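Chemist: Sequence order for the protein chains is R and L.
So the first sequence is numbered by our numbering: it starts at 2 and just counts up by one.
So the second sequence is numbered by our numbering: it starts at 2 and just counts up by one.
Treat the hints as calculated values from the structure; they're not laboratory data.
Each hint should be verified, as a subset may be incorrect.
Said to hold, decoys possible - Here are the simulated DSSO-like cross-link-like pairs (lysine-lysine), alpha carbons at most 27 Å apart as the crow flies:
#, chain 1, residue 1, chain 2, residue 2
1, L, K9, R, K32
2, R, K194, L, K9
3, R, K94, L, K61
4, R, K17, R, K172
5, R, K194, R, K172
To be verified - Derived, one-sided and incomplete: chain L residues facing chain R with beta-carbon distance under 10 Å:
#, residue
6, I16
7, R49
8, G162
9, P164
10, P168
11, M171
Said to hold, decoys possible - Now the stretches of chain R that chain L is said to cover, found in silico as 3 or more residues with beta-carbon under 8 Å:
#, stretch
12, 2–11
13, 21–28
14, 97–110
15, 116–129
All values derive from a computational prediction rather than experimental measurement.
Don't be surprised by glycine CBs; every beta carbon is placed ideally from N, CA and C.
Chain by chain, the residues:
Number of protein chains: 2
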Amino acid sequence: MKKLATTKYPVNELIKSRWSPRAFSDHKIPKDVILTLFEAAIWAPSSRNEQPWRFIYGVKDEGANYKKIYDTLVHWNQQWAKSAPLLVMTIAKRNSEYHNEENTTALYDLGQAVANLSIQATDMDLFCHQMGGFEKEKARDTFNIPSNYVAVTVVAIGYYGDPDKLPDDMKELELKARSRYDLDRIIFNEDFKP
Amino acid sequence: MKKLATTKYPVNELIKSRWSPRAFSDHKIPKDVILTLFEAAIWAPSSRNEQPWRFIYGVKDEGANYKKIYDTLVHWNQQWAKSAPLLVMTIAKRNSEYHNEENTTALYDLGQAVANLSIQATDMDLFCHQMGGFEKEKARDTFNIPSNYVAVTVVAIGYYGDPDKLPDDMKELELKARSRYDLDRIIFNEDFKP
């Protein structure tokens, strides 16, 4: 299903095509395709090339990680994310490699890596749906994540499925057009207006 | 100048080609190309579609913003960034639209928007170099940025220039190959290893 962004300016097709569905097919993702996603992620830029991004991933019906990641999701997300063949927990390293100070751009850099992953996914007919709705302390306990790292999102990834299999409230969201603020509210060539 | 990422897996050409130079040409960027960059940025995903990204931009020799942004940069960055025809200050909105709580993914979402902008730039033969090295409190004063917003990076953007015009130490960095940690250090299909 296509939900192209309605842009005023001619943006790249991958950016235009990317959206966050809830209906995934049960088609498995080949291992080399999964690794290509992560390879795309790590070639994002980061402050002083610190690369403060880490990814714990679980493939459905393979090993223990899928269930462990799934179990951290809030109920609303569990209802639909169970159809995705791949779950990825994204993690930021909060302290700098070079000294023990806070890396203030760790989350920003992680976001760039995940954006790269999403663009690469779109290029391989995959879809990503990022979630903030998961239990962060449970994630920390489950995977023994030390305090200088923080889990930020869980991403459900897969090929597109059948929206008719979604519950009614989710199906409505699935079919709703994508929307964004007007550019004028976001960019400032003179004074900044909050 | 090309500095392709040396990837093991076949990532998208735009991701492979993107890098952060210091040598920009004095070729101006057409206004509609600038707006296309921002249009690409805003179609990134964000938590609850809050779109916590804002951009103050300045075009060289047009209006007051270029100089104002430039003046916030640390000296090292001022030396080379002066050749870029476009400077963009990226800003995150730290509180949620829906309630006054902290938006814990604001920086992460901003990073995704800037990654989109960078991919779009690459697609239009432009290069971006993001900088954390600028005076954040000076930025806050200069643009009256309220406390629920925070300036995160300044991005220098332009067409590629002549690396021979850079000082020797910067030229060395310009020609150095891009590098990343091995994937094995970054992704975990079993236990997380910090």
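Chemist: If a hint holds in the structure, say so; if it doesn't, say that too.
Modeler: Hint by hint, here is what the structure shows:
For the given pair, K9(L) sits about 13 Å from K32(R) by alpha-carbon distance, which is consistent with the 27 Å threshold. With a C-alpha separation of about 45 Å, the suggested pair K194(R) and K9(L) falls outside the 27 Å cut-off, and the hint is violated. Between K94(R) and K61(L) the CA atoms are separated by roughly 36 Å; this puts the pair beyond 27 Å, and the hint is violated. A hinted pair counts as satisfied when its Cα atoms are at most 27 Å apart, and K17(R) with K172(R) qualifies at roughly 21 Å.
With a C-alpha separation of about 37 Å, the suggested pairing of K194(R) with K172(R) is violated against the 27 Å cut-off. Contact between I16(L) and chain R, as hinted, is supported at the beta carbon level, the nearest pair being about 5 Å apart and thus within 10 Å. With 10 Å as the threshold, the beta carbon of R49(L) comes within range of chain R, its nearest partner Cβ sitting at about 8 Å, so the hint holds. Given the 10 Å rule on beta carbons, the hint for G162(L) is violated: about 19 Å separates it from the nearest Cβ of chain R.
Because the beta carbon of P164(L) sits about 18 Å from the nearest beta carbon in chain R, more than 10 Å, this interface hint is broken. Given the 10 Å rule on beta carbons, the hint for P168(L) is violated: about 19 Å separates it from the nearest Cβ of chain R. With a cut of 10 Å, the hint placing M171(L) at the interface with chain R is violated, because the nearest CB-to-CB distance is about 15 Å. Under the rule that three or more residues need a Cβ within less than 8 Å of chain L, the assignment of the stretch 2–11 of chain R holds, with 5 such residues.
For a cut-off of 8 Å, the count of residues in the stretch 21–28 of chain R with a CB near a CB of chain L stands at 1, and the three-residue condition is violated. Three residues within the 8 Å Cβ limit are the bar, and the stretch 97–110 of chain R against chain L gives 5, so the coverage statement holds. Proximity of the stretch 116–129 of chain R to chain L, defined as three or more residues with a beta carbon under 8 Å from a beta carbon of that chain, is established by the 6 residues found.
The earlier numbered hints that this structure contradicts are 2, 3, 5, 8, 9, 10, 11 and 13.
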